[in-house]
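Chemist: Chain G is already provided as a structure; the job is to place chain E on it using the hints.
In case you want the letters, here they are:
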Amino acid sequence: GAGVSQSPRYKVAKRGQDVALRCDPISGHVSLFWYQQALGQGPEFLTYFQNEAQLDKSGLPSDRFFAERPEGSVSTLKIQRTQQEDSAVYLCASSLWSGSSYEQYFGPGTRLTVT
Amino acid sequence: DAKTTQPPSMDCAEGRAANLPCNHSTISGNEYVYWYRQIHSQGPQYIIHGLKNNETNEMASLIITEDRKSSTLILPHATLRDTAVYYCIVRELTQGGSEKLVFGKGTKLTVNP
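Protein chains in written order, with my numbering: chain G, 379 to 493; chain E, 17 to 129.
Only chain G is shown next, with the shape it has when bound in the complex (with noise of 0.2 Å):
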């Protein structure tokens, strides 16, 4: 069946401007995680959606990330006023349920740069 999709793949933004990354999870998946990898870096949390509820957003690095998921499937990533250091691969993953018994599945990430 169909992964996790996202897109764009690949993002080039100019600093200041504002991007949108978009997340398709695998239909049916309750559970909608980001993640920020840095180059050489394993990824990192930023945000965990349970359905359209947002429960955790404790990694978000600052007020400029937002990201919502407001029916409860697909996700959206949001970076206002973006600067060099955002630059990273943004992964995002989908688990069928809650629960630490769950996989997480990953998409490809969206690979952007800012200059």
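The hints are simulated quantities; they were obtained by calculation from the structure and are not laboratory data. C-beta atoms are modelled at their ideal positions from N, C-alpha and C, and glycine is treated no differently. Be a bit skeptical, because a hint or two may be false.
As the list claims (entries may be wrong) - Label-pair distances were calculated between CB atoms; the ranges are:
1. E:E82 <-> G:A416: 36 to 42 Å
2. E:N128 <-> G:D396: 42 to 48 Å
3. E:N46 <-> G:Q462: 37 to 43 Å
4. G:S479 <-> E:S57: 27 to 33 Å
5. G:E446 <-> E:K124: 33 to 39 Å
6. G:E449 <-> E:G31: 46 to 52 Å
7. G:A398 <-> E:S57: 19 to 25 Å
8. G:D441 <-> E:E82: 43 to 49 Å
9. G:E430 <-> E:N128: 46 to 52 Å
10. E:Q58 <-> G:G406: 20 to 26 Å
11. G:S479 <-> E:T81: 18 to 24 Å
12. E:T42 <-> G:D441: 28 to 34 Å
13. E:G31 <-> G:T493: 43 to 49 Å
14. E:T88 <-> G:V390: 39 to 45 Å
To be verified - With a straight-line cut-off of 27 Å between C-alpha atoms, the simulated DSS-like cross-links for lysine-lysine are:
15. G:K456 <-> G:K389
16. E:K85 <-> E:K19
17. E:K121 <-> G:K389
18. E:K124 <-> E:K68
19. E:K85 <-> E:K68
20. E:K19 <-> G:K435
21. G:K389 <-> G:K435
22. E:K124 <-> E:K19
23. G:K435 <-> E:K121
Modeler: Frame of chain G, contents of chain E only:
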């Protein structure tokens, strides 16, 4: 911070078993051990997870020690396509119901022909 420690790199000959160790001495009784791998320029790929018992699937086997303080991921017949960074993760539950994965630096496995 990640609750696991892994060697930064390992090598394995093609066709041989790859045994990747992981220490998680502070793991709690209800926390799962997960393994993911990441091939260059791709998202992390789920491999296997376990709580107490050893687990096996079509990709790998997971051996967890009786005290649960360490585990080993076994790829029985490594191929060149298994070259990747392998992450051992203790699945953390946090207040409010979040279930984030906390990635460490992982082990860079290189399978050599």
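Chemist: For this structure, which hints from the list above don't hold up?
Modeler: none
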